[in-house]
Structures are given as C-alpha cells and as structure tokens.
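There are 2 protein chains.
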Amino acid sequence: MLQIYDKLLELPLFLGIGMDDLTHIVEATKFEFIKLRAGKTVVSENQPCEQLYFLMDGILNMETRADDNSYTMTEEMKAPAVLQPERLFGLRRHYSKSFRTKTTCGLLSIEKSELLKLLDEHFIFRLNYYNLLCTRTQRAGGMPWRRTGEQPRDKFTRFVSDRSDRPAGRKELCITMQQLANAINESRLNTSRMLHDLHAHDLIRLYRSKVIIPHLEKLVQA
Amino acid sequence: MLQIYDKLLELPLFLGIGMDDLTHIVEATKFEFIKLRAGKTVVSENQPCEQLYFLMDGILNMETRADDNSYTMTEEMKAPAVLQPERLFGLRRHYSKSFRTKTTCGLLSIEKSELLKLLDEHFIFRLNYYNLLCTRTQRAGGMPWRRTGEQPRDKFTRFVSDRSDRPAGRKELCITMQQLANAINESRLNTSRMLHDLHAHDLIRLYRSKVIIPHLEKLVQA
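The listed protein sequences correspond, in order, to chains L and R. Number 59 in the working numbering belongs to position 59 of the first sequence; there are no gaps in the numbering. Number 187 in the working numbering belongs to position 187 of the second sequence; there are no gaps in the numbering.
Honestly, the hints are just simulated from the structure, not real lab data. Mixed in with the good hints, there may be bad ones.
Identical copies go unnamed one by one, so any copy, or any two together, can satisfy a pair.
[What the hints assert, rightly or not] Below, a list of computed lysine-lysine pairs in the DSBU-like style, where the Cα atoms sit at most 30 Å apart: (1) Lys78 / Lys117; (2) Lys117 / Lys30; (3) Lys155 / Lys210; (4) Lys30 / Lys102; (5) Lys78 / Lys7.
Only chain L is shown next, with the shape it has when bound in the complex (with noise of 0.2 Å):
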C-alpha cells in the first residue's frame, strides 16, 4: 500500500498532497491499475476523452499524426506522466494522439465522475490542475514568438521542438524527404544534405521515409 502512495505522490496532480487526504482519496476513489506488456494500445487518437490515463512504469510511445495524413510523430513518454489532461474538458473531448505501450507498462486510470470528484473536495488537486493546464497553454501559445533561426538545420529542430511534448529525448519521425523539404521551406536538395550532416555527426539516424532523433536535447544544443 505504501508503495501505491509513493508513486501517487509523483504524478501531476498529487504533487503535494498530505498524507490525510492522500488516504482518503486512495479510500474514496474508484482507481483502475492496469498492468500491459510490450506493444499494446492504451488509447487510440481521436477515442473519447472520459478518463485519465497516468503512467506509473514504464514507457508508452505517443504517436501524432499531422492534420492532412502527410507524415507523423512518435515521441517517448516516461513514467511518471499523465496523458492528454487538456482533453477531459473543452471543445474537443477526444484524444488527438496514440499511445502504446514500448516497455511493459503500469498505468492506473481514473474515471471522468471519479476525477470530477477529486477536483471538487481537494483544493491542492484542482490547483495542480490549473497549474498543469497553465503551463501547458503558456508554453504553446508562447511557441510561435520564439526566434527561428534560418539555416535548413535550425529549421529542422525548430520543426521538430514545436511538436515536442518534451524538448528531449527520443523522437522519430515518418516522413518522406520531400514533404520534409516542403514542411520546413527547403529545396529537397538543401534538406536531404542537412539531414546526411546531422547523420554523419551522429545526432539523427536517417531511414527511407523515416528520422530518428535520438535524444533531442543533442540536436538542440549542438
């Protein structure tokens, strides 16, 4: 039991909540844990958004894919984490992107009623909930003020931290050379060259119609 206490104390919204009401919630609150191994779907994009999926172990790959189909992001989620919060509530209540799971994964789910319940009687969970819903609008609404540098390589990583959850680690990206090209405003040939200099300088790994960024942090500083 203790140990369920531990790890609820890491996640988003139970960061500072007393040991009292940690137990009455424990008590009070209908949790689901859901025990998944290696390549299994926890929730698919556009499913509706009726509960809150948190990561307890374990890493899911969260995949989106771009409004016209043309190519999509798959980036590394670790545990402890929360998916998607923003979509319990507003205009569209569907997750807009696909989680599985890469390693076996822990997670615990939480109805939407049950979590309603929760943001009435705990004033800590509704202010994490404020918090996390803040930051989360401050930082993208905040994205396109930012500058842009202009040479094709800073054009990449912009491209790639501006559909970033995370601004590190792993990021892989499905996309053919040319509709990269178009997306960041390159000739193919400009682009394709840039992407055999990340390659050669080991911060991309470079596929047929695929990217891989190993660590985004790297190709951000470098």
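Based on the hints, put chain R in the right spot on chain L.
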C-alpha cells in the same frame, strides 16, 4: 443592478451560472469596475498577473512582441472577453501581452484571492475555467499539425493566424519586409510581390514597416 447581472452572464467564466449563485457572487465578491478613455494602458507585458481583467465594453488593442523583439502584432479584443486567464497559474505568472484601450472601455477586475474563492465555491465557475483553459491548450497544441500551403500568400496567412488569439478581425503587424521574408521563408522579392498583390485585392493595407489586415477572415478565405 440588473444590467451588471446581464453583463456578467456574458463573460466566459460566468456562463450558465444560476441567478441565486450570481446574486451571492455579486454580494460576496470584491469587484473593481474601471472606466478608461481611449489610449490608456490596462496591462503591460511582463506585469505580474495578480488579478483577472474582464472587458465589459469597448475595444482593446492587444500587443504581442516576438521574443527577439524583431516584430510586434496587435490584435483587437472586443467585449465581452477576459485577458489572459492562463497567466493566473502555471510556470509564468505574468502577462505576455500588453493591453491598451482603443475606445472608451469598461473593465471589471477581480483579485486572484477573490477569484480563488469563486473557483472554490462555484462548480459552474470552475467548470467554465477548465473549459476555457482546455480549449486554449487544444487550439494552441493543434496548430503545428495543420496543413501548410506552399505559396507565399499561404505562408503569410498562416504566420498571422498562428499568432492570433481570434482567427478573425483586425490585425496590425509591425515588421520590416526583410524580417517578414525571413519569418515566412521567402525571398524579399517574393514577399514584396505577394504583399502588393494582397494590397491590390484590398485584403491588406501596406505601410512602411507595417501591414494592416483589416479582416483576417477575408484573407483566410481569399
């Protein structure tokens, strides 16, 4: 008094609040009503967000500066509206935009401590705040994934849309031709041709280091 009630009910955070709750709110909450002539500053960029301002009447100019100071964009905000509600919590608790009155404006201000009380005591108010924040996060988070056109005109329209709170209305861009060309990744010549063409079609007005888009919705549809 009835007039205040009607006005409040139009505001994004008060939508759907019952008459009983509203009476209680008006009696128990410290509001400040502010009337300002045209040309006055309501909020300056980087000012700590320790209150929420609601625009009840009139038009505000909302100015955002690029991180590297190379350009600014000014958008009109019409009543009823709320000024940057996502800056009350989260990592960055200061306004990121400046707000100045364009016409005589009526504003309502609520201190953060009073607002926390409203959020604690009224479920609908809280739900409205969740909805507001989630919708903003969803909109901002979805932007990078939209389709980009490849013509200079598409890129210019996208540049303005990505930086707009509202996808319609008047926007004023203070930017040199060269900075805009860099920002949208086109040559100075192509950028100039594109802007003069839009000007000829009455979709923008062109000045030295300034572009005015009278109706963004017309530019988007053109």
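Hints and how they fare:
1. Lys78 / Lys117: within (27 Å within a copy, 36 Å between copies)
2. Lys117 / Lys30: For Lys117 and Lys30, the Cα distance is within 30 Å both inside one copy (11 Å) and across copies (28 Å).
3. Lys155 / Lys210: both (17 Å within a copy, 25 Å between copies)
4. Lys30 / Lys102: For Lys30 and Lys102, the Cα distance is within 30 Å only inside one copy (26 Å; across copies 52 Å).
5. Lys78 / Lys7: within (14 Å within a copy, 46 Å between copies)
In summary, this structure violates none of the numbered hints.
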